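*Asks:* Below, each chain spelled out in residue letters.
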Amino acid sequence: MPMAFKALVNTKMQKTFNFDIKKLNLEQAGCVSSTLKRELTMAGVDKKLIRRIAIATYEAEINMVFHSWGGTCHVQVDDDKIIIRFRDKGPGIANLQKAMMEGYSTASDIARENGFGAGMGLPNIQNACDELYIQTNNDGTDVLMKFVVNGGNSHASI
Amino acid sequence: MKASKLVQILRGEVFTQSTFDPDKELNCAFSCDLMSDALMLLRNVDEAFSEAGILVTGLVTVQGVRTAEMLDLPAIVLVRGKRPNAVVIEEAKKAHIMMIGTKYTMFSANGKMYANGIQGISEYEDAKNV
Numbered sequence: 001m002p003m004a005f006k007a008l009v010n011t012k013m014q015k016t017f018n019f020d021i022k023k024l025n026l027e028q029a030g031c032v033s034s035t036l037k038r039e040l041t042m043a044g045v046d047k048k049l050i051r052r053i054a055i056a057t058y059e060a061e062i063n064m065v066f067h068s069w070g071g072t073c074h075v076q077v078d079d080d081k082i083i084i085r086f087r088d089k090g091p092g093i094a095n096l097q098k099a100m101m102e103g104y105s106t107a108s109d110i111a112r113e114n115g116f117g118a119g120m121g122l123p124n125i126q127n128a129c130d131e132l133y134i135q136t137n138n139d140g141t142d143v144l145m146k147f148v149v150n151g152g153n154s155h156a157s158i
Numbered sequence: 001m002k003a004s005k006l007v008q009i010l011r012g013e014v015f016t017q018s019t020f021d022p023d024k025e026l027n028c029a030f031s032c033d034l035m036s037d038a039l040m041l042l043r044n045v046d047e048a049f050s051e052a053g054i055l056v057t058g059l060v061t062v063q064g065v066r067t068a069e070m071l072d073l074p075a076i077v078l079v080r081g082k083r084p085n086a087v088v089i090e091e092a093k094k095a096h097i098m099m100i101g102t103k104y105t106m107f108s109a110n111g112k113m114y115a116n117g118i119q120g121i122s123e124y125e126d127a128k129n130v
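Going line by line, the protein sequences match chains A and B.
Going by this note's numbering, the letters in the first sequence line up with residues 1 to 158, in that order.
Going by this note's numbering, the letters in the second sequence line up with residues 1 to 130, in that order.
Don't read these hints as lab results, they were simulated from the structure.
Fair warning: there could be bad hints in the mix.
Stated by the list, open to error - Calculated lysine-lysine pairs in the DSS-like style (CA-CA distance at most 30 Å, straight line):
{"#": "1", "chain 1": "B", "residue 1": "Lys103", "chain 2": "A", "residue 2": "Lys47"}
{"#": "2", "chain 1": "A", "residue 1": "Lys48", "chain 2": "B", "residue 2": "Lys94"}
{"#": "3", "chain 1": "A", "residue 1": "Lys15", "chain 2": "B", "residue 2": "Lys94"}
{"#": "4", "chain 1": "B", "residue 1": "Lys2", "chain 2": "A", "residue 2": "Lys48"}
{"#": "5", "chain 1": "A", "residue 1": "Lys48", "chain 2": "B", "residue 2": "Lys128"}
{"#": "6", "chain 1": "A", "residue 1": "Lys15", "chain 2": "A", "residue 2": "Lys98"}
{"#": "7", "chain 1": "B", "residue 1": "Lys112", "chain 2": "B", "residue 2": "Lys94"}
{"#": "8", "chain 1": "B", "residue 1": "Lys24", "chain 2": "A", "residue 2": "Lys23"}
{"#": "9", "chain 1": "B", "residue 1": "Lys2", "chain 2": "A", "residue 2": "Lys47"}
{"#": "10", "chain 1": "B", "residue 1": "Lys94", "chain 2": "A", "residue 2": "Lys81"}
{"#": "11", "chain 1": "B", "residue 1": "Lys103", "chain 2": "B", "residue 2": "Lys2"}
{"#": "12", "chain 1": "A", "residue 1": "Lys47", "chain 2": "A", "residue 2": "Lys15"}
{"#": "13", "chain 1": "B", "residue 1": "Lys128", "chain 2": "A", "residue 2": "Lys23"}
{"#": "14", "chain 1": "A", "residue 1": "Lys47", "chain 2": "B", "residue 2": "Lys94"}
{"#": "15", "chain 1": "B", "residue 1": "Lys82", "chain 2": "A", "residue 2": "Lys22"}
{"#": "16", "chain 1": "B", "residue 1": "Lys2", "chain 2": "B", "residue 2": "Lys94"}
{"#": "17", "chain 1": "B", "residue 1": "Lys93", "chain 2": "A", "residue 2": "Lys48"}
{"#": "18", "chain 1": "A", "residue 1": "Lys47", "chain 2": "A", "residue 2": "Lys22"}
{"#": "19", "chain 1": "B", "residue 1": "Lys82", "chain 2": "B", "residue 2": "Lys128"}
To be verified - In silico negatives: residues of chain B with every beta carbon more than 10 Å from chain A:
{"#": "20", "residue": "Asn27"}
{"#": "21", "residue": "Ser31"}
{"#": "22", "residue": "Leu39"}
{"#": "23", "residue": "Met40"}
{"#": "24", "residue": "Gly64"}
{"#": "25", "residue": "Thr67"}
{"#": "26", "residue": "Glu69"}
{"#": "27", "residue": "Gly81"}
{"#": "28", "residue": "Ala95"}
{"#": "29", "residue": "Lys103"}
{"#": "30", "residue": "Phe107"}
{"#": "31", "residue": "Ser122"}
{"#": "32", "residue": "Tyr124"}
Said to hold, decoys possible - Label-pair ranges, simulated between beta-carbon atoms:
{"#": "33", "chain 1": "A", "residue 1": "Gln14", "chain 2": "B", "residue 2": "Gln8", "range": "44 to 52 Å"}
{"#": "34", "chain 1": "A", "residue 1": "Leu24", "chain 2": "B", "residue 2": "Leu41", "range": "42 to 50 Å"}
{"#": "35", "chain 1": "A", "residue 1": "Thr16", "chain 2": "B", "residue 2": "Ser4", "range": "42 to 50 Å"}
{"#": "36", "chain 1": "A", "residue 1": "Trp69", "chain 2": "B", "residue 2": "Glu90", "range": "41 to 49 Å"}
{"#": "37", "chain 1": "B", "residue 1": "Glu123", "chain 2": "A", "residue 2": "Trp69", "range": "21 to 29 Å"}
{"#": "38", "chain 1": "B", "residue 1": "Glu123", "chain 2": "A", "residue 2": "Phe17", "range": "36 to 44 Å"}
Remember, predicted model here, so these are calculated numbers, not experimental data.
For every residue, glycine included, the Cβ atom is placed at its ideal position computed from N, Cα and C.
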């Protein structure tokens with residue numbers, strides 16, 4: 001595990017949420033992001049930050065529903081940052097460098113029929129969060145996003 | 001423009017009576033069938049846009065509702081006579097989103113809204129920068 005991952009996941013946590021996400025569960029796709037958005041709203045998190053989090057988590061959730069074999073979402077809310085981790089069971093992203101480019105897509109027809117598959121998912125996530133780390137192989141993909149509370153900007157790194 | 005006027009100019013049908021507020025001001029719109037476009041381009045809009053914003057789309061699945069919800073948009077206009085199923089309507093109600101249908105195509109619906117003063121993100125940003 002790279003140092004950046006370790007540093008982020010080992011911090012003292014204040015509040016956590018855990019969700020399961022199932023493959024091709026179309027009607028439930030987006031429920032995790034919706035639930036998280038409501039929780040953060042109730043917790044009084046800044047509205048603009050909530051929107052960035054909602055966009056990033058929704059795109060990640062959609063990716064997991066349409067591209068993976070299912071997985072989990074773990075959210076850690078601290079005073080100064082919010083860490084969100086999506087981990088799925090595969091098959092992984094064949095070419096991560098290309099997947100980060102706007103317009104590159106390997107989406108299925110079913111994703112396109114649901115309004116996704118334009119090749120904007122990962123670029124959207126990158127633009128919405130403050131830091132982004134992705135590890136992927138045949139066994140699955142691990143997406144870690146960091147959002148800075150108070151004064152975060154949209155310059156993500158990978 | 002009030003939501004009631006929007007329904008009038010689109011000869012629209014309200015699918016979510018319980019969340020329909022005829023006096024709600026709807027003054028901005030974004031039109032797309034690809035939800036990532038909306039998620040990308042409306043990421044940083046201010047509250048004045050999103051609180052009065054309409055997602056105009058031909059996408060009739062629950063993902064249109066989710067996208068509007070993530071972007072804090074209070075209304076969806078479904079074009080080309082598309083009708084949402086009961087699950088989609090229920091999700092819209094749960095998210096406090098009003099859903100309006102029109103038989104007009106995307107182009108015609110957009111034209112009627114624009115001609116009646118509803119701004120797109122381009123005009124909205126231009127007006128802010130003047």
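*Asks:* Take the hints in turn and mark each one as holding or not.
*Replies:* A quick look at each hint next to the structure:
1. A distance of roughly 35 Å separates the Cα atoms of B:Lys103 and A:Lys47; the hinted pair therefore is violated under the 30 Å criterion.
2. In summary, the hint linking A:Lys48 to B:Lys94 is supported, as the alpha carbons are separated by about 22 Å, within the 30 Å threshold.
3. The suggested pairing of A:Lys15 with B:Lys94 holds, with an alpha-carbon distance near 25 Å, which does not exceed 30 Å.
4. Pair hint B:Lys2 plus A:Lys48 holds up; C-alpha atoms about 25 Å apart against a cutoff of 30 Å.
5. Distance hint between A:Lys48 and B:Lys128 is fulfilled; the C-alpha atoms sit about 18 Å from each other, no more than 30 Å.
6. A distance of roughly 35 Å separates the Cα atoms of A:Lys15 and A:Lys98; the hinted pair therefore is violated under the 30 Å criterion.
7. Straight-line distance between C-alpha atoms of B:Lys112 and B:Lys94 comes to about 29 Å, which keeps the hinted pair within the 30 Å bound.
8. The suggested pairing of B:Lys24 with A:Lys23 is violated, with an alpha-carbon distance near 38 Å, which exceeds 30 Å.
9. Restraint check for B:Lys2 and A:Lys47: the C-alpha separation of about 25 Å stays at or below 30 Å, so the hint holds.
10. Restraint check: the Cα-Cα separation between B:Lys94 and A:Lys81 comes to about 29 Å, which is no more than 30 Å; the hinted pair holds.
11. For a cut-off of 30 Å, the pair hint linking B:Lys103 to B:Lys2 stands: about 20 Å separates their Cα positions.
12. Proximity of A:Lys47 to A:Lys15 is assessed by CA-CA distance (about 19 Å); at most 30 Å being required, the pair is judged to hold.
13. Between B:Lys128 and A:Lys23 the CA atoms are separated by roughly 43 Å; this puts the pair beyond 30 Å, and the hint is violated.
14. Restraint check for A:Lys47 and B:Lys94: the C-alpha separation of about 19 Å stays at or below 30 Å, so the hint holds.
15. Restraint check for B:Lys82 and A:Lys22: satisfied, since their Cα atoms lie roughly 28 Å apart, inside the 30 Å limit.
16. Distance hint between B:Lys2 and B:Lys94 is fulfilled; the C-alpha atoms sit about 22 Å from each other, no more than 30 Å.
17. A hinted pair counts as satisfied when its Cα atoms are at most 30 Å apart, and B:Lys93 with A:Lys48 qualifies at roughly 23 Å.
18. About 28 Å separates the Cα atoms of A:Lys47 and A:Lys22, which keeps this hinted pair within 30 Å; it holds.
19. Under the criterion of a C-alpha separation no larger than 30 Å, the hint pairing B:Lys82 with B:Lys128 is inconsistent with the structure, at around 34 Å.
20. In this structure B:Asn27 is separated from chain A by more than 10 Å, as the shortest Cβ-Cβ distance comes to about 19 Å.
21. The non-interface label for B:Ser31 is consistent with chain A: the shortest C-beta to C-beta separation is roughly 13 Å, beyond 10 Å.
22. For B:Leu39, the non-interface assignment is contradicted: its Cβ lies about 5 Å from the closest Cβ of chain A, within the 10 Å cut-off.
23. With a least beta-carbon separation of about 5 Å from chain A, B:Met40 fails to lie farther than 10 Å from that chain, contradicting its non-interface assignment.
24. With a cut of 10 Å on Cβ distances, B:Gly64 falls inside the contact zone with chain A, its closest approach being about 7 Å.
25. The beta carbon of B:Thr67 sits about 7 Å from the closest Cβ of chain A, which is not more than 10 Å, so the claim that it is off the interface is violated.
26. In this structure B:Glu69 is not separated from chain A by more than 10 Å, as the shortest Cβ-Cβ distance comes to only about 6 Å.
27. The Cβ of B:Gly81 lies farther than 10 Å from every Cβ of chain A, with a closest approach of about 18 Å, so its non-interface assignment holds.
28. With a least CB separation of 7 Å from chain A, B:Ala95 falls inside the 10 Å interface cut-off, contrary to its annotation.
29. Under the 10 Å C-beta cut-off, the non-interface status given to B:Lys103 relative to chain A holds; the minimum distance is some 21 Å.
30. Distance to chain A confirms B:Phe107 as a non-interface residue, since its nearest Cβ pair spans about 19 Å, more than 10 Å.
31. Every CB of chain A lies more than 10 Å from the CB of B:Ser122, the least distance being 19 Å, so the non-interface label holds.
32. Interface exclusion of B:Tyr124 from chain A stands, the closest Cβ pair being 16 Å apart, more than 10 Å.
33. Between A:Gln14 and B:Gln8, the C-beta spacing of about 49 Å keeps the proposed range 44 to 52 Å intact.
34. Taking 42 to 50 Å as the suggested C-beta distance range, the pair A:Leu24 and B:Leu41 does not conform, at roughly 27 Å.
35. In this structure, A:Thr16 and B:Ser4 meet the distance hint of 42 to 50 Å, their C-beta atoms being roughly 44 Å apart.
36. Separation of A:Trp69 from B:Glu90 is about 28 Å and departs from the stated range, judged on CB atoms against 41 to 49 Å.
37. Range check, B:Glu123 to A:Trp69: about 44 Å between beta-carbon atoms, so the 21 to 29 Å window is missed.
38. Taking 36 to 44 Å as the suggested C-beta distance range, the pair B:Glu123 and A:Phe17 conforms, at roughly 39 Å.
The structure shown violates the earlier hints numbered 1, 6, 8, 13, 19, 22, 23, 24, 25, 26, 28, 34, 36 and 37.
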